[in-house]
Every structure is written in structure tokens, then in C-alpha cells.
Amino acid sequence: MARETTFAWPQIKLRFRHRETIAFYVLASPWLIGFLALTLGPMLTSFAISFMRYEVITPPEFIGLANYRTMFFHDELIWQSLRVTATYSVGSVMVGMVTAFLVALLMNQKIPGIHVFRTIYYLPSSISGVPVALLWMWIFNPEFGVLNTMLRWFGIQGPQWLFDPHWVIPAFVIMSLWGIGGGMVIFLAALQGIPQHLYEAAELDGAGVLSKLFNVTIPMISPVILFNLVMSIIGSMQTFTQAFVMTKGGPANASLFYVLYLYQNAIGYFKMGYGSAMAWFLLVIILALSGLVLRSSPLWVYYEGEMRG
Amino acid sequence: MKQAISRRRFMRYAASLGLGGALVACAPKVVEKEVVKEVTVPVKETVQTVATLAPGQKKELLIHWRTSENEINFLRSMFERFKEEHPEVEFKESYTSWEEYDRKADLLIAAGTPPCVWGPMAQRGGRYYAARNLFMVLDPFVEKDNYDTSDFYPGTLQLCKWDDHWVGLPMDLWPSFFVYNKTLFDKEGVPHPSADWNDKTWSWDQVAAIGSTLTKRTGDQNTQFALSAAWPDRMAFRHFGLSYFAKADFDRGYPQQFAGNTPEFLDALRYMYRTVSEWGIAPTPAQTQALQAGAPNLFMTGKLGMALDFMWNFGAYKDIQDFEWGVAVVPHPTFLGHSLGRFNFMFPDQWFIMRGCLAPDVAWEFLKLLASPEGLLAFGKATGAMPARKSVAEGEWAQGTKEKYKVTDEVMKVIFGGADIQTASESHAFVAFEELYTKGVQPSFEAVFVGQLSPEAAVQQMEAEVNRIIAETNPKA
Chain C
1 MARETTFAWP QIKLRFRHRE TIAFYVLASP WLIGFLALTL GPMLTSFAIS
51 FMRYEVITPP EFIGLANYRT MFFHDELIWQ SLRVTATYSV GSVMVGMVTA
101 FLVALLMNQK IPGIHVFRTI YYLPSSISGV PVALLWMWIF NPEFGVLNTM
151 LRWFGIQGPQ WLFDPHWVIP AFVIMSLWGI GGGMVIFLAA LQGIPQHLYE
201 AAELDGAGVL SKLFNVTIPM ISPVILFNLV MSIIGSMQTF TQAFVMTKGG
251 PANASLFYVL YLYQNAIGYF KMGYGSAMAW FLLVIILALS GLVLRSSPLW
301 VYYEGEMRG
Chain W
1 MKQAISRRRF MRYAASLGLG GALVACAPKV VEKEVVKEVT VPVKETVQTV
51 ATLAPGQKKE LLIHWRTSEN EINFLRSMFE RFKEEHPEVE FKESYTSWEE
101 YDRKADLLIA AGTPPCVWGP MAQRGGRYYA ARNLFMVLDP FVEKDNYDTS
151 DFYPGTLQLC KWDDHWVGLP MDLWPSFFVY NKTLFDKEGV PHPSADWNDK
201 TWSWDQVAAI GSTLTKRTGD QNTQFALSAA WPDRMAFRHF GLSYFAKADF
251 DRGYPQQFAG NTPEFLDALR YMYRTVSEWG IAPTPAQTQA LQAGAPNLFM
301 TGKLGMALDF MWNFGAYKDI QDFEWGVAVV PHPTFLGHSL GRFNFMFPDQ
351 WFIMRGCLAP DVAWEFLKLL ASPEGLLAFG KATGAMPARK SVAEGEWAQG
401 TKEKYKVTDE VMKVIFGGAD IQTASESHAF VAFEELYTKG VQPSFEAVFV
451 GQLSPEAAVQ QMEAEVNRII AETNPKA
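So the sequences go chain by chain: C and W. Residue numbers for the first sequence follow our numbering, beginning at 1 and rising by one. Residue numbers for the second sequence follow our numbering, beginning at 1 and rising by one.
Careful: at least some of the hints might be erroneous.
[Said to hold, decoys possible] Simulated coverage check for chain W against chain C, where a stretch passes if three residues somewhere in it have a Cβ under 8 Å from a Cβ of chain C:
| # | region |
| --- | --- |
| 1 | 102-114 |
| 2 | 432-438 |
| 3 | 444-457 |
[Unchecked claim] Partial list, derived from the structure: chain W residues whose beta carbon lies under 10 Å from chain C:
| # | residue |
| --- | --- |
| 4 | 221 |
| 5 | 224 |
| 6 | 289 |
| 7 | 291 |
| 8 | 295 |
| 9 | 472 |
Since the hints were derived computationally from the structure, they do not count as laboratory data. For every residue, glycine included, the Cβ atom is placed at its ideal position computed from N, Cα and C.
Let's have the full structure, built from the sequences with the hints guiding it.
Next comes the structure, spelled out in C-alpha cells:
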């Protein structure tokens with residue numbers, strides 16, 4: 001007589017904590033796999049490649065620290081590109097942050113049709129990249145661009161903008177104002193979160209407009225200022241599209257941004273190892289700058305509810 | 001029993017996976033075993049190291065080309081034609097856009113499945129690959145077939161050789177010449193420029209002499225210019241009989257040193273600068289952008305007397321209604337007291353067989369078909385490119401081109417004359433030209449035109465920078 005056998009799944013008793021852990025990894029796995037395969041993997045690969053001579057079509061060759069040595073001691077364009085990027089970064093971050101904040105203050109007024117104004121000011125941020133670069137090339141044209149035409153109305157002979165080594169970076173800074181909409185929305189959200197009673201209390205104490213701005217508004221939104229500042233610094237250090245489309249780094253390397261030079265090395269000259277070394281150096285610079293800003297934040301950022309000794 | 005994965009263990013696994021990925025990516029996956037960095041190509045060894053087909057394996061040729069309908073049709077007609085005599089051959093096709101053309105080829109090479117037959121044309125010329133020993137040396141085939149090259153324009157053969165060995169066969173060429181606005185010349189009463197490459201009276205000095213007549217000003221702005229040669233341009237010095245590198249270096253593919261520190265080179269730079277900044281007969285980049293205002297190029301606006309040009313613009317020029325245009329030779333390099341020999345350039349393209357091709361014998365036969373009069377004529381008709389064979393270019397192709405672009409015999413005479421004397425551009429001839437130019441020359445060149453550097457200082461700066469890059473990029477320097 002044949003014996004019937006039945007298969008039974010092994011009963012594994014898991015504690016709740018373990019079940020939760022497994023569920024976490026299962027649910028997070030799409031991101032984890034994507035992160036490991038598409039972000040961490042290429043990052044580690046680029047770190048390894050930064051110690052190699054690698055042109056894609058020929059096998060990589062280990063050359064130790066040679067790429068880093070060239071970068072720091074022999075390639076003057078690295079320093080030129082850093083100078084360009086730093087100048088732009090300081091200009092665009094300062095001008096961009098202040099303008100975004102001032103526009104957010106304006107957009108925070110309770111006037112009829114304010115939603116339309118908010119949309120109008122945010123709209124340019126939704127268009128970015130190559131079309132914006134092409135648009136601004138026409139705006140900056142010294143002969144018949146809008147900017148110089150307007151300057152001529154006031155009897156001012158406008159500069160050559162993108163064609164002048166001294167004006168090309170200021171031109172890019174002006175152009176960066178196109179994208180303030182994103183920062184403005186974040187400032188606006190923060191401004192609307194400031195409790196009204198703080199302003200009322202300040203008024204009772206006799207505070208004027210400026211006093212309320214510096215003693216209530218700015219401290220209350222300082223965490224958002226910190227966030228926007230860090231993001232702006234990171235964004236400005238990675239400037240590429242505008243320079244690639246509008247100037248190709250010229251004239252005379254006056255707009256040779258770091259990432260553009262990195263691109264030229266990696267994709268233009270197919271020096272993938274050198275490009276990778278440059279990318280890692282940029283990461284270190286961005287980490288250092290972000291760290292510096294974050295370390296300074298206890299001095300100027302106010303968090304509601306925090307205790308200060 | 002412990003079931004949960006600890007955070008530390010998870011991080012360890014993640015790091016191992018990442019490191020493993022990195023190591024796999026860095027593993028020396030090579031197209032062939034011996035990749036030579038030096039320029040020397042051992043001919044006999046090369047033939048011996050060619051991979052062979054397994055018994056019974058079909059002869060397969062991977063062809064890599066760009067996604068142009070005409071050109072794909074041309075290739076497919078060639079496949080059919082070839083199969084008539086070689087029915088055992090299968091063609092595998094790889095097509096990609098012009099922008100991705102070289103990159104896709106690079107990825108095929110890196111993946112160990114290089115195209116058997118292709119022509120690198122987009123970002124880098126063939127010499128980039130030849131210098132990395134990625135082309136099959138064709139000497140044994142050329143010798144075996146006693147291959148006749150006498151019909152090809154001399155300038156097209158220059159880049160078919162690397163280190164004195166055959167590595168490719170000519171495909172096409174794009175000679176340089178001048179186009180001019182006949183209506184504008186007639187209106188200003190200026191005689192037409194010469195159509196004779198031996199005419200020394202049509203020179204850069206002559207261009208300067210007629211420049212002011214052809215340049216017009218309205219208010220405080222120039223609204224018509226005599227000349228546009230797009231200074232600063234990478235091949236600019238060739239119009240003046242000069243180059244950044246010695247002529248002998250063009251065959252080597254690697255320059256030995258910067259050759260521009262001469263009075264002639266300095267005066268050529270001064271001349272270019274004066275056309276824009278002193279005489280105002282050529283537009284600045286800003287003026288070019290303003291005048292062009294959406295037109296495909298400045299010449300088509302009718303506001304330009306003459307410009308350096310190539311045949312790829314004829315398709316657009318044939319529809320010009322507002323003025324009559326013609327073709328002239330590039331001015332003779334007589335300028336500012338110098339009179340040099342011509343060193344005008346062309347852009348020649350070639351067909352190559354990649355190392356790693358599993359069927360080199362049939363690849364060679366297919367290469368011969370592509371470079372045959374039949375193949376070059378079909379290619380020329382499909383692309384508009386001038387065939388590399390003189391008999392084809394000046395025969396049936398010329399007739400078709402005249403009808404297609406509505407041009408005269410005189411226009412074709414100028415183009416053929418240019419093809420006879422012109423040699424490869426620096427961008428095609430030098431392995432690392434992109435880096436040499438963009439890093440070594442361009443910044444100083446541009447600095448002159450924006451008034452940042454004097455021509456003398458610019459040349460000194462170019463010399464230092466170019467020589468530094470030569471030391472980095474030339475394996476024999």
C-alpha cells in the first residue's frame with residue numbers, strides 16, 4: 001500500500017523584529033538594488049578608474065596616483081577651472097539666494113492675484129537646460145540682444161557679455177537668476193510657516209519692518225536658508241550645461257567650469273581615469289564646503305524648541 | 001537561530017558587491033590579447049594573431065554605420081552585390097546616430113565585438129584608433145592583390161597608412177574652397193576672385209585690398225562684411241601655408257614640437273586679427289551671431305562677400321534665390337610681405353578593418369568593393385561626398401553633382417583642383433589634435449581676438465602649452 005506523503009513548508013518562527021527587518025529590506029530592495037547597481041557601483045568603479053589610464057577602447061592600466069599628481073601639480077587648467085567655478089559659485093549663490101528670498105517676501109503679501117504672480121515667478125524654473133541656454137545666448141548678444149538694447153535706451157554701451165572674458169561669468173550669474181523659482185517656493189513655504197503671533201509680539205515691542213525681518217523672519221526661516229544655501233553651493237559647483245552650450249569654456253578659458261573641463265577630459269579626450277580623478281576631487285571639495293556650512297550652522301541657524309546653553 | 005541580517009553584515013555585503021562590480025569593470029577585457037601602445041605594428045605577427053573561425057562557423061561581417069536612410073540603402077545594396085560572389089558571408093548591421101557614432105563603435109570595441117568594417121569620422125579620425133593598434137594591417141592583402149592606388153587623389157591616401165603600413169582604403173574627401181556672392185561683388189564693382197589654384201594674384205593681400213569696398217556700415221554697425229573665415233578657427237593657419245606643426249609630422253601622426261614660432265606664423269595671426277579688429281572686414285563672433293539671425297550660415301544671409309566653405313553646404317545653396325553665388329580658390333598665401341607655398345587642407349575619410357574581425361579575408365574583399373569605382377560612386381551619390389577616386393569623381397559623379405546642385409563646370413574645376421593639391425587637416429592627421437588644439441592653441445588664439453594677449457605673447461603661450469601637451473601625448477617625444 002502506497003503511503004501518501006505530503007510536503008510541509010518548514011515552520012520558521014520569526015520574531016516580530018526580524019519579520020519587520022525582512023519586510024524592510026524587501027520593500028526597500030528596488031531602491032537598494034538601484035542604488036547598488038547604478039550609483040554605488042559606478043561610484044566605486046570611478047574611484048578605481050581614477051588610479052588608471054583608461055580610454056574605453058584599450059584596457060585600463062594601473063598608474064597609481066599619476067592622475068592625481070598631474071591634476072595637482074601639472075595641469076594649470078584645473079586651477080583655472082576651479083577659479084571660474086568658485087567665482088561663479090560665490091556670485092550665483094549670493095545673488096540667487098538674496099533674490100529668491102526677496103521675491104518670496106513679495107510673493108508672501110496678501111494681495112489679490114498673488115497666486116498668478118507666484119506662478120509667473122516660478123514658471124522659468126520649470127524650463128531648464130539647453131533651451132534656456134539658447135534663449136540667453138540671444139538675450140546676451142551684444143549687437144541686438146535684449147539686454148544691450150535696454151542699456152542703450154539709457155545711453156549705456158553694454159559689454160560683449162559671452163564674448164568678453166571679463167563679462168562672461170557675470171553673464172552666467174545674471175542668467176542663474178532664471179532658476180530662482182525653486183528656492184523662492186521653499187522660502188515662501190517657510191515664510192508662511194512663521195507663526196503670526198511672533199510678529200504681533202514684535203509689534204507690541206515696537207519693532208519696525210526691518211527689525212521684524214532681522215529678528216523674527218530670518219531667524220525663523222534660518223533652517224531653510226541653510227538648506228537652500230547647501231543646495232545652491234552644490235548646484236553651482238556642478239554647472240555644466242550653460243557653459244557647454246553657450247561658450248564651450250571660452251573665450252580664452254574664461255568660462256571653463258570645472259565640470260565642463262571634467263567632461264572635456266573624460267568624453268572629449270577619452271581620459272576616463274583623469275576625468276574620474278577630477279570627479280572625486282570635486283566630491284571632496286563639495287563635501288568640504290557643505291561640511292563647512294553645516295559646521296557653521298549652530299552660529300546662525302535657529303531651530304524652534306532647541307535649547308541653547 | 002539568528003534570522004535577521006545585521007546592519008554591519010548588510011553593509012559588508014553591499015561593499016563587497018560594489019567592490020566586486022568595480023573589479024569586474026576594471027578587469028582587462030581586451031579586444032585582442034596584444035594591445036600595443038607603441039606605434040610600431042608588427043605586420044607578420046598581426047596577420048598571425050588574427051582570430052580564426054571555428055569549423056563550420058559562418059563568415060560574418062559586422063558593419064557599423066550611421067542612421068542615414070540613403071547611406072543604409074547604399075550599404076545594403078553593397079551587401080547584396082557582395083553576396084553575389086560571396087554567398088557564404090552574412091552581414092550584421094549596427095546603426096547609430098551621427099552624434100553617437102564613434103561612441104557606439106568604442107563600446108563595440110570595448111565589448112570585444114568590434115565592427116569588422118567601418119570608417120571613424122565623427123569625433124576622432126582613424127589615426128586615433130591606428131595609434132592604438134586597433135586596425136588590421138593590410139600590407140599582406142595589398143601586396144597579394146598588387147592593389148592599384150594610382151586612381152586615388154594623393155591627399156586621400158595619406159591617412160590610409162600608419163607607421164608606413166596600409167591600414168585602410170580611401171572613402172571620400174571634402175576639399176576646402178571659397179564661396180562668394182557674385183551679386184554683391186558686381187554691385188560693388190569688385191572683380192570676381194580667381195578660380196585657378198595657381199593664380200598668385202588672388203591672395204590674402206588682395207582680400208585685404210578689396211575688403212573695405214565689400215564691407216558696409218549702417219549707423220554704428222557693420223551690416224555687410226567682405227569675409228568670414230571664422231577666425232579663430234582650428235585650421236586657420238593652413239590658408240596661409242602654415243600649421244602649428246611641421247609638415248613632416250603629418251605623416252607621423254604625432255607632432256615633435258610646436259612649429260608656429262616663426263615670423264610668418266606671427267604675421268598670419270596678425271593678419272587674421274586685423275581683418276576683425278583693425279580693418280573690420282570680417283565679423284567678430286558676436287557680429288556673426290547677430291547677422292546670421294537664424295539663417296543656416298552667414299553666407300546665406302547675402303550680407304557676406306566670401307567665406308571658406310565645403311561641398312556639404314551646396315544642398316542649401318542651390319535654393320538661394322536672392323543672389324547669385326560662385327566658387328573660387330582659397331586666396332594664395334601671400335600676405336604682409338610673405339609669399340608661401342599652398343598648404344590648403346581637405347577632410348578625407350577612409351574605410352578600415354578592425355583587428356578582431358573573424359573573417360579578415362572577406363572583410364578585405366568587401367573593403368575593396370567599397371573602395372572600387374562602383375562602391376565609391378554609389379557612396380558619393382548617397383552622401384554627396386566626393387569620391388576618393390579621380391576617375392569616378394571627375395566622371396559620372398561630377399555630372400550628377402552638377403545637376404543635383406545646379407553648379408557649373410567652373411565650380412567643379414575649382415573643387416577638383418583643390419582635391420589635387422590639398423592634404424589632410426590637422427584634425428584628421430594628428431592623433432591627439434583635439435587636446436592639442438583645445439588646450440594648447442585655442443585659449444591663446446581666442447585671447448588675441450578679445451584683446452587679452454598680443455599676437456607675440458599668444459604665440460609664446462601656444463608654444464609652451466602645445467609642447468607640454470606633445471610631451472604628454474606623443475609616446476615617442
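Status of each hint after checking the structure:
no.: 1; hint: 102-114; result: holds (count 4)
no.: 2; hint: 432-438; result: holds (count 4)
no.: 3; hint: 444-457; result: holds (count 7)
no.: 4; hint: 221; result: 7 Å, holds
no.: 5; hint: 224; result: 14 Å, violated
no.: 6; hint: 289; result: 6 Å, holds
no.: 7; hint: 291; result: 8 Å, holds
no.: 8; hint: 295; result: 14 Å, violated
no.: 9; hint: 472; result: 8 Å, holds
This entry does not satisfy hints 5 and 8, going by the numbered hints stated previously.
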